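There are 2 protein chains.
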Amino acid sequence: MEESLQNLDAFFNPRSVAIIGATKKIDKAGHVIFKNFSTNKLHGVYKGELYPVNPNEDSILGFKCFKTLSDIPDTVDLIVIIVPGKAVPGVMEEAIAKKVKAAIIISAGFKEVGNVELEEEVVAIARKGGIRVLGPNCLGVYYSRTGIDSLFLPETKTLTTGDEVVATPRPMPGSIAMITQSGAFGSAALDYLTGRQMGVSKFVSFGNKCDVNETDIFRYLYEDEETKVVLIYLEDVKDGREFMEIAKKLTLKKPVVIIKSGKGSAGARAAASHTGAIAGSDKIYDAAFSQVGIIRARDMAEFFDAGKALAMQPPAMGTNIGILTDAGGPGVMTVDELEILGLTVNRFNDDTLKKFQDLKDKGLILKIAATSNPVDLTGSVTDDQFVMSADLMFQDPDINGIILLGLHHMPGLREKYIDDTVKVASKYNKPIVMCDIGETEMALYTRSRFDRLSVPAYGSPEEAARAMKALVTYGAYLKRNGTVGCIEEHIEEAKEEEKCAFAAATVQH
Amino acid sequence: MEESLQNLDAFFNPRSVAIIGATKKIDKAGHVIFKNFSTNKLHGVYKGELYPVNPNEDSILGFKCFKTLSDIPDTVDLIVIIVPGKAVPGVMEEAIAKKVKAAIIISAGFKEVGNVELEEEVVAIARKGGIRVLGPNCLGVYYSRTGIDSLFLPETKTLTTGDEVVATPRPMPGSIAMITQSGAFGSAALDYLTGRQMGVSKFVSFGNKCDVNETDIFRYLYEDEETKVVLIYLEDVKDGREFMEIAKKLTLKKPVVIIKSGKGSAGARAAASHTGAIAGSDKIYDAAFSQVGIIRARDMAEFFDAGKALAMQPPAMGTNIGILTDAGGPGVMTVDELEILGLTVNRFNDDTLKKFQDLKDKGLILKIAATSNPVDLTGSVTDDQFVMSADLMFQDPDINGIILLGLHHMPGLREKYIDDTVKVASKYNKPIVMCDIGETEMALYTRSRFDRLSVPAYGSPEEAARAMKALVTYGAYLKRNGTVGCIEEHIEEAKEEEKCAFAAATVQH
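Protein chains in written order, with the numbering used here: chain F, 1 to 509; chain B, 1 to 509.
Here chain F stands alone, though its shape is the one from the complex (with noise of 0.2 Å):
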């Protein structure tokens, strides 16, 4: 690893870490962040030494607690600092002296809201030292396997009531990266990714990016094995030309999602006074990440949709797609957003046409079944059904991925094919996404358990229809700029966590 490299990764792997405002005061963020890891080094998570630092106290919650970070007697990787902005440049000359590799400014109150002489003065003071700095204005860091959670949100609240509720959860360990400058937007995608049940391998909110920003990360996920998928909230871009040079590099690796938000005038004007950020021409952004390779979303709900659907599925090779529903009138749709998309449905060719004549001439689809793409197999669907007729269509050479609307309002549809369907394409190095509409138990449990199988589910035709775009988008890319072996690695290294998940998702069932 190379030394900016090194320094960076303090802030995930540190061998010991201080507090700096640390207190008992219980709504304090002081506290709260120090209770994440005492709390996690209590339960073996997090593994290094732990230092509260504040000249008030003797001890919190069962630690030894230091005047000032100069008292610590022993090396100190990590600092995470709470205490107000004017006192920030006094502790950062304080981490000099203690080598120091990596500090964590949560305090707010520099440029974004115009001190930015007391940000330079901070970030002149980590230069001279070599420190690394996150922040300020920042939450920070997650990273579930260390036991690293700097974030001063709670896990849980109180209502008035005296209801305790989950308020801003941590999400389980998997291969999502979340970024992002706004800490707000952040501790959202937190609480979502939770309830959606996507793992995440690294969360980082940089707020003001004095130091670390979004090219420094880039550089580091480049490296991390745990990370599959980079999803990126960004209000501006710094080191234009550096930011380019590594998402190339990067893109080529994973497949990196970014909201780019402060689109407009009034978006410009709302973005400069939350971090600082000038957020410049819109289409230049446009043009700048697909250039490199960055997807785009055009809103929150695509945002996490795309990521889902890159973290489980290959890309699509092509931009032709087949279309295999229970449900005509979603189908419909499906298409029209498809079309709109810019993919194609186009009908089968005579081979597969055939193949599907024959399954209705043996009876083994109804007569009444469309089968020329899409594919309608009717109300009257069954299980059987639907899985031989994806195999069929993914043996098709002209089909570059799959989208299966499982409606499971259907009587005779029940719940046998998920797994069959996954089995099937699990044989294939193409992509499939599935939708189920509904908001009651079948189709939670539908779309929750083709999520475990590593079939990214969607609550509305359009939503799995923008994912198969970000996957035929990420196809393109790749195959525009990758050398074959690397769009192979995506495809082996999807397909081998789809059969890795069935295998879990079976023995769990």
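For the record, the hints were derived by calculation from the structure and aren't laboratory data.
What you are looking at is a predicted structure, and each value in this text was computed from that prediction instead of being measured.
Ideal Cβ placement from N, Cα and C applies to all residues, glycine included.
Interface residues of chain F toward chain B, partial, derived using beta-carbon atoms under 7 Å:
no., residue
1, Arg196
2, Val332
3, Thr440
Following the hints, position chain B against chain F.
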């Protein structure tokens, strides 16, 4: 009520119903439908007479069974036909003799599979006898107040594990009419609406619409007191001129949101093999809908989101929106989406800016809060700050509606602001929609509480923005075409409902 509407009314308020093709066989449509009616009759929901018709049974579920429709001694208002297609003309001939007013033909095998003549024969017989026909190839009607339920999709399903789960739930009574050409989309919509707790006034699935079509239904819903908003899924429009005429009348009285699928060439091909629809040019539909004030949704999410907003809130009387947030990033995302949708987020006038400065001077809101629109109270938000700020913003004559981003992750925010903000909103004749991001406990609680208080809540900034756009679009249409009285009525109605919802929810709390 004019005569044609009287016969249509027999679909919803029949004094007697005969189920032609009722059976004891548990998996058959004829069993599910008969059981729906018999259960509703036993529970006192369906209050009319009920007659199963099947030549091979003496009784079904305790009801005396008749060999033929003609054998029923009393009058029959409504028949539901589940027998095979070729037997339908015979049933319809009998229906003339029985002076039946309305027939729901569930049976498929007509125009959608090329049997045009059979369908025309049925239509000819119906015309001769003055019988109104819904279908064929449809789900028919669900009307909770009188217990009409011709849906052959059972509410629950038994998995292979032996577990019984909710599959096609029926939504609670409410003010949204859900009309659909696609049965599958209809059943999915029922599932979605139930899960999102959106109440339905009338559900109609008309499939091939050989007789009753969107024009008839619009005419009926124009008079229907229970329906406040119409959601309709169409693949084609019959009787274009009449449709435009009634739509124009209807939209001045209540908002109509449409999904018109079969947009491109492949979509149109898919629609043709689905309900035999000839989709026509999509741009013509766009222009026509806009001319008569029908709001066209770009996808399923927007369809339901717009419906919810229009059912709960008054239309917006201008295009300038105020944003009130505790989350900077999501605030910027909201501004972005509003700008893309052609709405504005203008800087407040001096008067409002001064009022916010006063709040800052008094220490009631943070000095670092952004208060020029968007109002970003930052992560240090409290309940009271939200309520005070909302009140100021509503007072501003240049603000036509408010999007409230209440991300619950902020530590100082409790649930108290929800009821308090709704109380403030109910003083003004302007719409408010809200967003909280997340999929775990506190997010679900927050959104559902707002929903119950008739403030529509959404899970992403862009969804909230699009919902507001629907309120703006409808307001602009009313201003262009309606009378002032008509607009005031909409506003009064919406506000009245919000107050009632508030009272009801408060009692339940």
